[in-house]
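One line per chain: the protein sequences are Y and E, in this order.
Numbered per the numbering used here, the first sequence spans residues 1 to 414.
Numbered per the numbering used here, the second sequence spans residues 1 to 943.
Hints may be right or wrong, so weigh each one.
[Said to hold, decoys possible] Computed Cβ-Cβ distance ranges for the label pairs, DEER-style:
(1) Y:Asp272 x E:Phe584: 50 to 56 angstroms
(2) E:Ser469 x Y:Asp238: 56 to 62 angstroms
(3) Y:Asp238 x E:Val491: 58 to 64 angstroms
(4) Y:Asp272 x E:Gly703: 26 to 32 angstroms
(5) E:Arg387 x Y:Asp333: 49 to 55 angstroms
(6) Y:Val174 x E:Ala568: 51 to 57 angstroms
(7) E:Gly703 x Y:Gln220: 55 to 61 angstroms
(8) E:Ser180 x Y:Gln220: 32 to 38 angstroms
(9) Y:Asp333 x E:Ala568: 54 to 60 angstroms
No lab work stands behind these hints: they were computed from the structure.
C-beta atoms are modelled at their ideal positions from N, C-alpha and C, and glycine is treated no differently.
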Amino acid sequence: MRGRPTVGDERAGQGPGSTGIRRIALVGIEHSRLGGVAGFMNTLANGLLGRGYEVEIIGLQPSSPGNAYAFERDPGITVRTIQESIPPDWVRLDRLDRLNPRKVAAARRWQRTRDRGVAKLRPIVSGWGPETLIICTQIQGMEYLVPAGLEPGNPQGPYVIAQYHGSRQMSVAVGSVRRLRRWCANADRFLALTPTDAEEFRIRDQLNNTGFIYNPVPRQRHGPAQREDVVVSLNRYDEQKSLDWLLRAWAVVSPDFPQWRLRLYGEGPLRDELAVLIHELGVSGTATLEGITSDPESVLRRAKIYALSSQDEGLPLTIVEAAVAGVPTVSFDCAPGIRDLIDDGVNGVVVPKNHVSGLVTGLRQLMADDALRERLGVRAEQDSGRFALDTVLDRWEDEMRELTGRSTPRPAVV
Amino acid sequence: MTLSTEAVCAKPDTPVVSVVVIGYNDAANLSRAVGSVLRQSLRAVEVIISDDCSTDDTPELAGALLRSDPRVRYVRQPRNSGGCGVPRNEGMKLARAPFVMFLDSDDELERHACYNLVKMAREEQCDVVSGRCRRHHLQNDTWTTWYPKLYQERRVLLDIEQEPDFLFDSISTNKLYRQSFLEEHQLAFPERVKYEDLQFTAHVYSVVKRFGVIPETVYHWRIYPTDVRRTITHQRSTPQNLADRLHAIRTASGLFVEHDKPALLEGLLGKLLAHDARITVEDAADTDDPELHERLLDLIEPELRAVPREFYQRLSAMARVALGMGLMRNRAGIQQATMASRNRGSLAGRIVRQGDRLLWAPWSTWSAPPAGSLEEFLTDLSHDPIRDTPTPLMRLFHVLDRAERLPVGVRLRGTTHDPLLKFTGRDEWPELTLRIRLRGRRQRQEVPVHLSSVEPGHIRWQVDVPRFSNRDNQLQTRWWLDIRTTGGGLVNDSEICLGAELGGFSFPEPAGATSHLRSRIELYVTRYGDAAFRRARMQGRPAKAARVLHRTDRLWEEANSRSRRIQANIRERAYELARRRPVFKNLVLFDSHMGKQYSDNPRAVYEELVRRNTGLDIVWDFLDPDGHPDYHGRRIKRHSLPYTQALGRAGSIVDNQGLPAWALKRPDQRHVQTWHGTPLKRMALHKLENLHASPETVARITGEAAWDALVSPSDYFERTLVDSYRFTGKLIRGGSPRNDVLINNPDPDPMLVRRLDLPERKSVVLYAPTFRENLRDSRRAADVLLDLGRWIEEMGETHYLLLRSHYLNKFAVKREYAPYLMDVSHVEEISDLYRLSDMLVTDYSSVMFDYIWLDKPIIIYAPDYENYTQDTRGTYFELRDDAPGPFCETQEALHSLVRTAREDQARMTETRRSFRDRYCGDEDGKASARVVDFLLADRQARR
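Extracted from the complex, chain Y is given alone in its bound form (with noise of 0.2 angstroms):
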């Protein structure tokens, strides 16, 4: 079978041998869609099978055709599909729909196609020992697998880490915590995706299993980038992402530096309102609205200075994918796990929410002093390899080690 190493070739500290555990699989409800989870479960599935593990993705149900996507994936990689079609959505029957045929009907289905997705999981899980860990990416996956028999904390099954794929602040928002606390409580991991909201899931929802593991940024190598004076944005034109701050703290920088752009990659709801107010603000010559771009990376690459003056964010990873291109960038503190990602004025600068001056202040620091905006580059680079696949599988394989209590003691603190 290919992609199994011999164990000869491990290096020491990685592999199978050094974890305990043999077999990783990882579940989350669509293993096919265009990007997010079922793209995280793809890059780390390869990584993993690299590292000498067997490794299967389970989806819960396969993706609709709009949003199917075929990812590269190594054949030895097992990848099954639970449901054959797309299950009806949860219906919520309360005391008064349980008059409605209709409604009760729809539970019905839906309880039917949940109980026949769960049945075909079962033998799978039975075949699991304490060899395998289950990677569980969502939710909904905890909810299929304990029903279909995984038992968490029991000695001869598998274990199981649990992970949320958003920030704490938007479990909260669309409605999860309940479930989460629910289903994840007693799976032997729960790991969020930064530190911030490992604490937050912590002390709020009283889970003691909270850890996190950052989500691995892909990275391509390419020649030195050739940098334009232009300051660069990558967001949909929304009432979320709120560009028109950015337009109005750009009306105030832009006269001192006539050479610098404003480019506005992106494509929205807002897109006229936008292009009135670079009119009326009178930056119609620095500032355009670039539509899509198929190429992010490479914009990144010739851009000096990534901007981001959101409302509300969960984990915004593209400040990470700017800091892969060297770019550092200047924004609002607008997620809860902005600093874990930006250490102001070391790889970037965050500055305070709907804060014009704060924005003004922090695009001039880095537009008038070349040094200083190539050292926050340099830095933001370095420090994104905390995202690198490399690292984010020696902390995957970090936690199974202290699971199956393997790690080993790390050297005494002076």
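Starting from the structure of chain Y, add chain E where the hints point.
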């Protein structure tokens, strides 16, 4: 594809943690405890069941567990030891893992406990790691956390002396110990005594070098209802138990002395006094058995005498006195003192002068303790801060002695202790009023109290409550009680204590729907220890009807609160109608801070109008028309129907903030805006966020400023506020009406001075911080801005602090702070406080622009300066560079500035003068007159 399970499974022979589970005749719970270990997320654990020679089926159960999981081991003592020490020690000897934990058979480990503790121990090289313990009260299935403050964040302590509070967490089971550490220090539990945890933990704390703390919960401590069973260590106040406990404390203090841990020793002795001694003395007072009474006091007495006197300083006055009464074997004294110390800081008993000392004594037989004795020291109040407590903050000790049924209602008899002689000892008798408030309502029913005798320090009274004027039909309706005492210009409101034999007294409900169901009202003690009334639970057939009444009552309440939208509609319609009818030219509507107060510029203008006797028809609107006792004229409730009429038809409106959003001034109305302060932060169109304001925003903001006249005290005000609203109407220049009194009569108001009753020898500091959005509704507000405890410690002896907070940022002021500071947010007119105080401490509040006219020290204390000034609004000038007095950002600097404020007069006067010249214009004490002139002239013109 098959994998060999064995090769990778956590091998049972290499555990990371050994958990010693002890049990004695507890087979029912044992398997749950062991299960909680076997199901740990860290699977590399071993369980050592250490059986203290159980006589039930523990051995069989352990055998079954042993067979089901190779990680289980079992050891049995040859004979029962009766404690936890022996089985734990024996189990510990068998442990093979590098880490050890202990578990009692009736408790559980949290599922991730081992994982989290080991992770911390390994990452930080800790000898001991301690985690949060949650107590599960099985009686009502509730959970509480054991000393939560200690477990807020992850940290490593290199010496427990850094945080001696860990002493209170003396349980051994919520901790993970490194085996090598236990061996190195030969740590073991003392055997065949109780309280072995306290001694073991004291030993651990004495020698540990790296002590890890994690915020995660690790231990579930199951608390059984006391009448069902008692855990070994929870039998209070049998003499043997007390003796064991005192022995443990002695051992622990010996260890702390030996290893030189002064802070821990101090904590331990403090705990002995505040907890063990107190409980013992209380138990002695409560018991009916004279022999037990003597025995308990005999046991505690040598301990009390051994504690150095300075440790008693930390106790509250009454707690200290109670211990002294214990030593004096004065039973009535113990009872009165403990009752007072339990009831939220009330002051009971009397104060007797003995030579040059003031000693506390109960209202019963008492003989003076010998001079210089510990008894005298403990009951000596000569230098106690409690005597500095201002009367309004004091809690008089009202105790309800008897209750009698009347044909209708109830008669209550009680006594009031007034040891500081605030209300008694004069010819004139005080007046007492019983106030009854229905839960959830604001109105109070006031019932006059009849005094039967008044002696110095002691009042006997009786009061008849024939009926409750506020009532509802809900089950278990509650009425809160307190007594207002007035006399000699002083006012005091205090709750009532319930005499011991009155619990459960009840009488028939005098009136109302439920009274037809033969409901009864009973006296009971709230969880704060105060006496209150409630409707007793109904039994039998009436209960059903009562439940129906309860539901109807609830629905009615809900309907009332739901109709808000409808009420708003009606209000707006009514206002529209009023606007179409002619204005009453003589009607003037006054409003201050949108109906919240009777204060500020509108009050000054109003008082001037009254002085001139103009014959104008004046009305004030208030959100709470029942309050504001200083105002004696006509009043209406804001947002009520009469208010819409007044607002729509008044000839003139005088306010200081703005009209409701749904109101629009009529062209034939005159709206005089007197504005409530001089701005420091950018206003309206000057806000940075409005730098590129859209035309709609500009229209909205300038629309708000549809005033006919605006009071403008200074040029600075015109550059800032007036310009920010683009106001172009009439400006009434030359000072603020509210400041007239500061010019004309800057001395304190004697009535207020008397009422507040502040300690005379202290200088009075007024602290008036401004509103902070981020501290909204937060109890933490006080601590974030100013550490009150620290202020008291360093400044309390010489300064009295008046706290004037924004109504949205309430300070949480503890009762024991009363001798040093008072929350004066309830005093409506802030200028009364200006006149009363000796200096002002503020941050960005506009009070500085007014206080400056008194020419007293102003100190700017802005701990969050950067944060506050750099938000979206921005400020008009840099306060740090341009302040009316010295500027500081730390509490330390503030204290030293306050201390030296007097000496620094000359320099500070100069600073104030230059600030005043730049930002404060001119005040001649005639500003209200000018506004009144404008109103009258305008009326003349319109005729």
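Cross-check of the supplied hints:
1. Restraint check, Y:Asp272 to E:Phe584: a C-beta distance of roughly 51 angstroms satisfies the suggested window 50 to 56 angstroms.
2. For the hinted restraint 56 to 62 angstroms between E:Ser469 and Y:Asp238, the CB-CB distance of approximately 58 angstroms keeps it satisfied.
3. Checked against the given bound of 58 to 64 angstroms, the beta carbons of Y:Asp238 and E:Val491, roughly 59 angstroms apart, stay inside it.
4. A beta carbon spacing of about 27 angstroms between Y:Asp272 and E:Gly703 agrees with the range 26 to 32 angstroms that was offered as a hint.
5. At roughly 51 angstroms, the beta-carbon separation of E:Arg387 and Y:Asp333 lies within the given 49 to 55 angstroms, and the hint holds.
6. At about 33 angstroms, the CB distance of Y:Val174 to E:Ala568 disagrees with the hint of 51 to 57 angstroms.
7. Remark: the range hint 55 to 61 angstroms for E:Gly703 to Y:Gln220 is upheld by a beta-carbon distance near 56 angstroms.
8. Judged by the Cβ atoms, the range 32 to 38 angstroms given for E:Ser180 and Y:Gln220 is violated: they are separated by roughly 49 angstroms.
9. The hint said 54 to 60 angstroms for the Cβ distance between Y:Asp333 and E:Ala568, and at roughly 37 angstroms that hint is violated.
Checked against the numbered hints above, the structure breaks hints 6, 8, 9 and satisfies the rest.
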